[in-house]
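Chemist: Protein sequences appear in the order of chains A and B. Numbered according to this note's numbering, the first sequence spans residues 1 to 77. Numbered according to this note's numbering, the second sequence spans residues 1 to 240.
Treat the hints with care, as some may be off.
[Stated by the list, open to error] To list a few chain A residues with every Cβ distance to chain B over 10 Å, as calculated:
1) 14
2) 17
3) 20
4) 23
5) 55
6) 65
[Unchecked claim] Pair by pair, the computed Cβ-Cβ distance ranges are:
7) A:2 <-> B:209: 47 to 55 Å
8) B:186 <-> A:59: 21 to 29 Å
9) A:58 <-> B:153: 14 to 22 Å
10) B:166 <-> A:2: 44 to 52 Å
11) B:139 <-> A:58: 17 to 25 Å
12) B:166 <-> A:35: 32 to 40 Å
13) A:27 <-> B:17: 21 to 29 Å
14) A:35 <-> B:158: 36 to 44 Å
15) B:131 <-> A:37: 18 to 26 Å
16) B:93 <-> A:51: 32 to 40 Å
By construction, these hints were calculated from the structure, which means they are not laboratory data. Where is the CB? At the ideal position from N, CA and C, for every residue including glycine.
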Amino acid sequence: MRIMYINNDGGGFADFINVEEGMTIEKLFKQKMPHEEAHDYLIRVNRQPVPKEYVLKENDRVTVTPTKIEGARPVSQ
Amino acid sequence: MLRFSPTAWAKLLFMRDMTDNEVGGFGVTEADDLLFITDFVLVKQKVTCVSVSFDDEAVADYFEDQVEVGRQPERFARIWLHTHPGNSPEPSGTDENTFARVFGSCDWAIMFIVAQDGKTFARLRFNAGPGGEVNIPVCVDYSYEFDAADFDVWQQQYLANVVEDTFFSLNGKSKKSQNDQLEEADVFGSTSFDSLGVSSSEDMIEELDLMHPAERQAFMDELAVRSDFWDEYESEVLYE
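Generate coordinates for the entire structure from the input sequences, incorporating the hints supplied.
Modeler: Next up, the structure:
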């Protein structure tokens, strides 16, 4: 089964991948990002948040994007 | 060397000068020249005169939109740009933390800051081989054809994406309804409760500590007269 997978870790990735039937979003995340914590990322399927038990379907678009991108000016100013 | 097209540079400075607040976004580059920024793209964000915080959903939308037009993440998600309203482009502790946490797992990334007086800071971090980081020079590259400035469109983009954060929750809780939070509790991954940059009381105290005394006094003066900083059920403040 083919899905679109987008993330920014490593070399970055935005392309179709093949996953097995019945793959959940939680299992895919653990497979693709084994050293990362899910709560550090915004994980969406077809632009919508989903529960961890969500079973991926053909042509789903999964995005794993960073959260809390924050800047501040330094103390000395 | 990190290079900007004249158009991208003008757009960045235009956004910087819209208000006295910080502003941030991503640099978009050419496929065959990943250190040549041809556009500065804003995402929805909350800003103050000392901070900028991107909306998590907007970042995800930005990624999807860029992929839909055929770009790979290395072209649109590796160069984090923001401004400092003061005259120092040096990164703060918050900047360093974000760069390490958000971009630390990328093969490479750049943190770029431009101050109000035009001074710049750019650091390239790379994870190839033993990994490392180095500050790199910055220039505007006039050797290519470039588009004209479009102030009207840029202003629309600014107004559509940048919101001044004048709200502090003193009890450290999001102002989202309990129902919203319950609905989001089942979501896999970040729930984005804080995606709009609502500060906790600890964050607020830390931010106050970092302020210049005059700025801190001005903030406290405003806080004293702004009833909307307090909860709707809170009618008075008790001093002990």
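Chemist: All hints, please: hold or fail.
Modeler: Tested hints:
1. 14: For residue 14 of chain A, whose nearest Cβ neighbour in chain B is about 4 Å away, the distance does not exceed 10 Å, so it is violated.
2. 17: Non-interface label stands for residue 17 of chain A: nearest chain B Cβ at 14 Å, farther than 10 Å.
3. 20: 18 Å, holds
4. 23: 13 Å, holds
5. 55: It holds; residue 55 of chain A is separated from chain B by about 12 Å at its closest Cβ, greater than 10 Å.
6. 65: About 4 Å separates residue 65 of chain A from the closest Cβ of chain B, which leaves it inside 10 Å; violated.
7. A:2 <-> B:209: 47 to 55 Å: 52 Å, holds
8. B:186 <-> A:59: 21 to 29 Å: Since residue 186 of chain B and residue 59 of chain A have Cβ atoms about 24 Å apart, the given range 21 to 29 Å holds.
9. A:58 <-> B:153: 14 to 22 Å: Violated, since residue 58 of chain A and residue 153 of chain B (Cβ atoms, about 38 Å apart) do not stay within the stated range.
10. B:166 <-> A:2: 44 to 52 Å: Once the Cβ atoms are compared, 47 Å apart, the range 44 to 52 Å for residue 2 of chain A and residue 166 of chain B holds.
11. B:139 <-> A:58: 17 to 25 Å: 47 Å, violated
12. B:166 <-> A:35: 32 to 40 Å: This hint holds: roughly 39 Å between Cβ atoms.
13. A:27 <-> B:17: 21 to 29 Å: Violated, at about 48 Å.
14. A:35 <-> B:158: 36 to 44 Å: 38 Å, holds
15. B:131 <-> A:37: 18 to 26 Å: 21 Å, holds
16. B:93 <-> A:51: 32 to 40 Å: 35 Å, holds
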